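Novice: With chain A's structure known, arrange chain B on it following the hints.
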Amino acid sequence: MVEIYNLKKAFNSNIVLDDVSLKVDKGENLVVFGRSGTGKSVLLKCMVRLMEPDSGKIIIDDKDVLSLDLKELNNLRKQIGFLFQSAALYDSMSVRQNLEFPLIRHFNFTPEEREQKIIKVLEKVSLLEAIDKMPSELSGGMKKRIGLARSIITEPKLMLYDEPTTGLDPITSKEISYLILELQKSLNMTSVVVTHDLLCAEIIADRAIVLNNGRVQYEGSIPELTSSNDPFLKNFFSHEFINENKQVN
Amino acid sequence: MNNKTSSSAYLNSIENRLNEFFIMIAGLWTFSVQFFRYVFVPPYEIYEIRKHMNELGIKTLPIVSVTGFIIGLVLAMQTQPVLARFGAEAYLPGSVGISIVRELGPVITALIFAGRVSSGIGAELGSMRVTEQIDAMEVSAVDPFKFLVVTRIFACTFILPILTIYVIFIALAGAYIAVVLVQNMTIEYYTNAVLYSVEFGDAIPGVAKTFVFGYIVGLVGSYKGYTATNGTEGVGRASTTAVVVSSLMILIFDMILVKITLWLWPTF
Chain A
1 MVEIYNLKKA FNSNIVLDDV SLKVDKGENL VVFGRSGTGK SVLLKCMVRL MEPDSGKIII
61 DDKDVLSLDL KELNNLRKQI GFLFQSAALY DSMSVRQNLE FPLIRHFNFT PEEREQKIIK
121 VLEKVSLLEA IDKMPSELSG GMKKRIGLAR SIITEPKLML YDEPTTGLDP ITSKEISYLI
181 LELQKSLNMT SVVVTHDLLC AEIIADRAIV LNNGRVQYEG SIPELTSSND PFLKNFFSHE
241 FINENKQVN
Chain B
1 MNNKTSSSAY LNSIENRLNE FFIMIAGLWT FSVQFFRYVF VPPYEIYEIR KHMNELGIKT
61 LPIVSVTGFI IGLVLAMQTQ PVLARFGAEA YLPGSVGISI VRELGPVITA LIFAGRVSSG
121 IGAELGSMRV TEQIDAMEVS AVDPFKFLVV TRIFACTFIL PILTIYVIFI ALAGAYIAVV
181 LVQNMTIEYY TNAVLYSVEF GDAIPGVAKT FVFGYIVGLV GSYKGYTATN GTEGVGRAST
241 TAVVVSSLMI LIFDMILVKI TLWLWPTF
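These protein sequence lines are chains A and B, in that order. Take the first sequence: its letter number 123 is residue 123 in my numbering, and every next letter is one higher. Take the second sequence: its letter number 77 is residue 77 in my numbering, and every next letter is one higher.
The shape of chain A in the complex, shown without the other chains:
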C-alpha cells in the first residue's frame, strides 16, 4: 500500500529525514516512534505532499506521489485520511458542517444520504449529541473523535495519524486507541500512526519503526522493540514507560 524509498528532507542546514525507506502492507497498522524533532510528522506530511521532500520516492496505492500533478494528487488524497495532532477542525463550522465538508465536495449524495452518513459516523465515535455543536464547545478528546470522524467519513484506504492521543488523559487515550483499532478493522484501512504513547502503540500496532538520526533505525513488533537490549531502545522505551506510569498515577 505504501512504499517509501530514500526519502530526504532538510530545512536549511537541518537534515530531518535522511534516507528514510519503509513499506506498509495493505491493512497493516504501522506505528512510527522517534524522539521529538526526528521528522515523524514531516514524514506524514511528505506522504500527502503537504511538504515537498528534497529527494526520494513515495508510492501509495501504486502511484508515484511525487510525480502526480495537482488533479491526480487530489484524486489520491481523496483516498487518504489525515488526523492532525490538533484535530484541525474548521472552527467557523459546526460539527455537522465539518463532517459534510468533504462529502459535499467529492460525492453526489443527496442531503438525506449525507445526513445518514454523518449520523452513522458520529455514532461510531459515540458523539451523536455533538452534531450541532461548534468546535469551541468541545473538549480535547471530543475534538479528536470528531477529527477522526471527519477523516473516516469518506472511507479512505489509508489513514495517517499524527499523535492521535497527545494531550489527552490516559483513559481518553485508551478509548481513542481502541476506537482507531476498531475503525481500522471495520473499514479494513491501512494506517500509519505517529505517536509517543506506548500504550496507544501496543493497542494499535501490527509493527513499529523507530526513527533516529533521520533514518529508520529499528523495526519490529512492540514486544520485540521494548524487550531489546539495544542501549538506545532501552533508554527510549524506559522513558516512555516512566511517562506512561506517571500519567496513570
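Treat the hints as calculated values from the structure; they're not laboratory data. Honestly, I wouldn't trust all of these hints.
As the list claims (entries may be wrong) - Taking lysine-lysine pairs in the DSS-like style, the calculated list, with each CA pair at most 30 Å apart, reads:
{"#": "1", "chain 1": "B", "residue 1": "K51", "chain 2": "A", "residue 2": "K120"}
{"#": "2", "chain 1": "B", "residue 1": "K51", "chain 2": "A", "residue 2": "K78"}
{"#": "3", "chain 1": "A", "residue 1": "K78", "chain 2": "A", "residue 2": "K57"}
{"#": "4", "chain 1": "B", "residue 1": "K51", "chain 2": "A", "residue 2": "K133"}
Since we're looking at a predicted model, the values are computed, not measured.
Specialist: Below, chain B without anything else, positioned relative to chain A:
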C-alpha cells in the same frame, strides 16, 4: 569599534526590512495572479461568497454609519464659516456634496473597511494556518486558496462599493443636519442644491475606485493571514500588518487612480 558594529547592525536591519518588503510585493503579486486564475474556474463557492458579503457588510455597517454621519456633519460645519467669509454660503451643499462623493466617502469608507475587515481576515486565516486547518483542507483534496482566499477577495471587492454608496448618503444626511443648525434651509432646497452641483459623472470614478480598494483589502488580509507563521505571535502580526499595508495601499492607489481619472477626463 562600537560605532562600526552598531552601523552594520543598522544596515542589516534595513536590508532585512527591504527584503521583507520585496518578498511581500512578490507575494501579493503571486496572490493576485492566482486569484484571477481561480476566480473564473468552477466550483464558484457562491454560498461562501454570499456568507462573506453578509458578514463583512453587517460587521462594518455600524462603524461606517457613525463615521460617515460625523464626517458629513463636521465637513459642513468646517466649510460653512469659510464660505460665509466670501458670501458664498449658498454653495455649501454643492461643495460638501462634491467632496463627499468624489473623495471623502470612498476613501474614508475604504480606510475603515480596511481597519475592520483586513485585520479580521488576517487573524482568521492566520489562526487557520497555525492550527493546521488549512493543511486539513488541502489534504482533504479541497483547494484552500479557492475556498478561503478567492471567496474573501471577491466578497470584499463587491461589498465595499455598496457600503460606499450607503456612506455617501449618510454623510450627506449628516451635512444637512449641520447646514440646518446654522442656516434656515429646507430639505428640498438642500437636495436640489446637492443634485445641481453633483453630477452623475462625479459619482462614477468615486465609486469605481472602491472596487480596487475592496480588492486591496481582501488581497492584503488574505495574503497576510494565509502566509502567517510562528504561532499566535504570527497571527497577531498578520492582523496588524494587514491593516497598515492595506491602508497605505489604499492611499497610494487613490492617488494613482485620481491621476488616471484626471488624465482620461481633464474636465473632471
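Novice: Going through the numbered hints above, which ones does this structure break? Give me the numbers in ascending order.
Specialist: none
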